[in-house]
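Chemist: Single-letter residue listing:
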Amino acid sequence: MEHIIQQGLLVGVLATGVRLATPFLLAALGEMFAQRSGVFNLGIEGIMMMGAFFGFLVTFFTGNPYFGLGSSLIVGFLMGLLMALVSVTLKAEQGISGIGLYMFGWGLSGLLFRLYVGGITSIPGLGPLHLPVLSDIPHIGSILFNHNWIVYLAYLLVPVAWFVLFKTPWGLRVRAVGTTPEAADTLGVSVNAVRYQALIVGGVLAGLAGAYLTIGQANMYADNITAGRGFIAVALVYFGRWNPWGILAGSLLFSMADSFQLWVQVMGITFPYELAVVLPYVTTILALAVSVGRVWTPAALGRPFDRGSRG
Amino acid sequence: MKRLVLYLLLIMSLVVFTACGTQQASPSKEPTKETPKETKSEKIKIALVLPSTMDDMAWSQSMYEGLKAVQEKMGKDKVDLAVSERLGNAVDAGAAIRQYASQGYDLIIAHGAQYQNVLKEIAPDFPKTSFAYGTGFQAGPNIFAYDPQAQEGGYLLGVLAAMMTKSGVVGVVGPVEAGDAVKFNYGFQQGVTKTKASVKVRVAYTGSFNDIVGAGEMAKVHMDAGADVLTGSSQQAVGAIRAVGERPGKYWLSTDMDQSKIAPNTVLAAQAYHWEKIVSKMIELRKQGTLGGQHLILSFSDGTLELKYNDKLADKIPKEAKDAVEKAKQQIISGQLKIELPKK
Chain D
1 MEHIIQQGLL
11 VGVLATGVRL
21 ATPFLLAALG
31 EMFAQRSGVF
41 NLGIEGIMMM
51 GAFFGFLVTF
61 FTGNPYFGLG
71 SSLIVGFLMG
81 LLMALVSVTL
91 KAEQGISGIG
101 LYMFGWGLSG
111 LLFRLYVGGI
121 TSIPGLGPLH
131 LPVLSDIPHI
141 GSILFNHNWI
151 VYLAYLLVPV
161 AWFVLFKTPW
171 GLRVRAVGTT
181 PEAADTLGVS
191 VNAVRYQALI
201 VGGVLAGLAG
211 AYLTIGQANM
221 YADNITAGRG
231 FIAVALVYFG
241 RWNPWGILAG
251 SLLFSMADSF
261 QLWVQVMGIT
271 FPYELAVVLP
281 YVTTILALAV
291 SVGRVWTPAA
301 LGRPFDRGSR
311 G
Chain E
1 MKRLVLYLLL
11 IMSLVVFTAC
21 GTQQASPSKE
31 PTKETPKETK
41 SEKIKIALVL
51 PSTMDDMAWS
61 QSMYEGLKAV
71 QEKMGKDKVD
81 LAVSERLGNA
91 VDAGAAIRQY
101 ASQGYDLIIA
111 HGAQYQNVLK
121 EIAPDFPKTS
131 FAYGTGFQAG
141 PNIFAYDPQA
151 QEGGYLLGVL
161 AAMMTKSGVV
171 GVVGPVEAGD
181 AVKFNYGFQQ
191 GVTKTKASVK
201 VRVAYTGSFN
211 DIVGAGEMAK
221 VHMDAGADVL
231 TGSSQQAVGA
241 IRAVGERPGK
251 YWLSTDMDQS
261 KIAPNTVLAA
271 QAYHWEKIVS
281 KMIELRKQGT
291 LGGQHLILSF
301 SDGTLELKYN
311 DKLADKIPKE
321 AKDAVEKAKQ
331 QIISGQLKIE
341 LPKK
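The listed protein sequences derive, respectively, from chains D and E.
Everything in the first sequence is counted per this note's numbering, starting at 1 for the first residue and increasing by one.
Everything in the second sequence is counted per this note's numbering, starting at 1 for the first residue and increasing by one.
Think of the hints as simulated: they come from the structure by calculation, not from any bench.
Take these hints with a grain of salt, some might be off.
[What the hints assert, rightly or not] Examples of chain D residues toward chain E, derived with CB under 7 Å:
(1) G12
(2) L14
(3) N192
(4) A222
(5) N224
(6) V266
(7) G268
(8) I269
(9) T270
(10) P272
(11) L279
(12) T283
(13) T284
(14) A287
[Claimed, not checked] Heads up, incomplete: computed chain E residues facing chain D, CB under 10 Å, no partners named:
(15) D55
(16) G75
(17) K78
(18) N89
(19) V91
(20) A139
(21) G171
(22) Y205
(23) V213
(24) M218
(25) Q235
(26) Q236
(27) A263
(28) Q294
The structure displayed is predicted, hence computed values, not measured ones.
Virtual Cβ for every residue (Gly too), placed ideally from N, Cα, C.
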């Protein structure tokens, strides 16, 4: 990897940033579906912790990261289902049930870690996927084509999510129940079923984002491994205006700023570190503040659907 | 039906949380019944408040193991040990500390610099209880402040890093620029540059104590930028060690405790903290009637700090490197070598 120095700071910053954006991108795309259907899930952080933990645990016992990945998806599915049960069927206050899910995920993953693992241990992770020809292109090769495949999957999901949301009947239903659930209900769309589906999609993607942290990035697990990344993903959904391309822009902006400050510090460029570590947050807030214009939000966001009541 | 499901969920979460609670307490064998008054004179009740978890392979675990060693030495029936974890937020920790104090614990150790002000506030309300915290130096009538001279081990590891690096660049994955971490980094930098002035030390901070993924990413950036020997403190360092372990020919130098288990082929040496000696001293002082007021120092001169080499990599370290480290160690112990510290 020393060859990166010769190619200069820029390549290093870009290569690191592309990698750092992955968990945000995965979690935020999933959360976008949930919010488009009218439910905001603040429990993403908890789902990510559970996904990270089960991905780690199963890899630890089987030695195969793919089994770990599979179990993360299942756990994400179940956590999404739990959130749907509480906030759609039981109509609980969404902000509170999301925080509850976060605490549940943190507590349970920490407890199970102590019961079944009991100490910090390394696991084999997913190595970088070396693409013939592409990875060897000078400069660009190491930025774009020297990551493990979850990174590619995350970027591939951006156009896929856009297509699903805007070009498929299911996407139309998701958007309909998130803006005018009464109208969708009148037309025979089951509002609650669509919300269940959207929350589960969000859960699965958050589980994958968590798995990426343990299997793709850290190759180990420790308590509170997500360290707030799930909450940043929720913020990025707002930043991206509930649009996959906007979310991509937000994730990249945040991660590039983060990567930039890492490189600035490491290269010994004189810069107060306190300012460096807040740089990604400040950049994101500034970008949000500068991009004026009327902010559109899914009209029924946060409102449980009750047939017969007038919203 | 709806109510039933709600109750079910409530019960489920209760089960999980109580399971968490008992799990945290069970290794410490905390008795639930009140201990009879008459045994109090010989039995000591110690409570430990930790910022992370007691199995974090770093700062918190080193103290927990120190307390376990004390309990082992004095006898299980002589020491009651209770532990509260994940209390990095000093305000939350305050609630736990106050509760332990009112339950009659004799010695309450809040393991972090951030607990200084909380203790100052609580300690006057419980004049018969001893409190302790660190890294710090401001003691109170019933507050001990313990203070590892992390710069000493940092210096020695710096000497080793300078002798081991081939690229001429060494990297520090720092947590937050405060307390123990700053002292360690200062010592490390001086150790490197006084041994080989041509070696570059690059210091960076993540801004967090427990972001293991972030620490791993920072270690990767350090290595991409040319560093081949790395170090760093706090509980998040394990993430950095794992990242370094993935690249052959790169080495890590540990602090807080021996972390070679995470990456046996990567961790060359470690500065280990022997908390058990400090805890024993506090217990001894308390027996003699001193409830606090002392600034307790951990250093190489009294053996409370120690440099441990990783046996598995012993042949990777040339003899002259070990000799240079040993020489510096003797100079630190004899007081010949003064390590500069940031001005307070």
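Chemist: Now look at each hint and say whether the structure bears it out.
Modeler: Going through the hints against the structure:
1. G12: 6 Å, holds
2. L14: 12 Å, violated
3. N192: 13 Å, violated
4. A222: 5 Å, holds
5. N224: Hint on N224/D: holds, closest Cβ of chain E at ~6 Å, below 7 Å.
6. V266: 5 Å, holds
7. G268: 5 Å, holds
8. I269: 10 Å, violated
9. T270: This interface hint is violated because 12 Å lies over the 7 Å limit.
10. P272: This hint is violated: P272/D lies away from chain E, its Cβ roughly 9 Å from the closest one there, beyond 7 Å.
11. L279: 10 Å, violated
12. T283: 15 Å, violated
13. T284: The hint is violated - T284/D has no Cβ within 7 Å of chain E, the shortest such distance being about 16 Å.
14. A287: It is violated, given that the least Cβ distance between A287/D and chain E is near 20 Å, above 7 Å.
15. D55: 5 Å, holds
16. G75: 25 Å, violated
17. K78: Hint violated; K78/E Cβ to chain D Cβ min 26 Å, cut 10 Å.
18. N89: 12 Å, violated
19. V91: At about 17 Å, which exceeds the 10 Å cut-off, the nearest Cβ of chain D leaves the hint on V91/E violated.
20. A139: 29 Å, violated
21. G171: At 7 Å from the nearest chain D Cβ, G171/E passes the 10 Å test, so the hint holds.
22. Y205: Y205/E check passes; min Cβ-Cβ to chain D is 4 Å, inside 10 Å.
23. V213: Constraint on V213/E satisfied, holds at 5 Å.
24. M218: This interface hint holds because 6 Å falls under the 10 Å limit.
25. Q235: OK, holds: Q235/E within 10 Å of chain D, min 8 Å.
26. Q236: Check passed: Cβ of Q236/E comes within 8 Å of chain D, closer than 10 Å.
27. A263: 7 Å, holds
28. Q294: 32 Å, violated
Of the numbered hints given earlier, the model fails hints 2, 3, 8, 9, 10, 11, 12, 13, 14, 16, 17, 18, 19, 20 and 28; all others are met.
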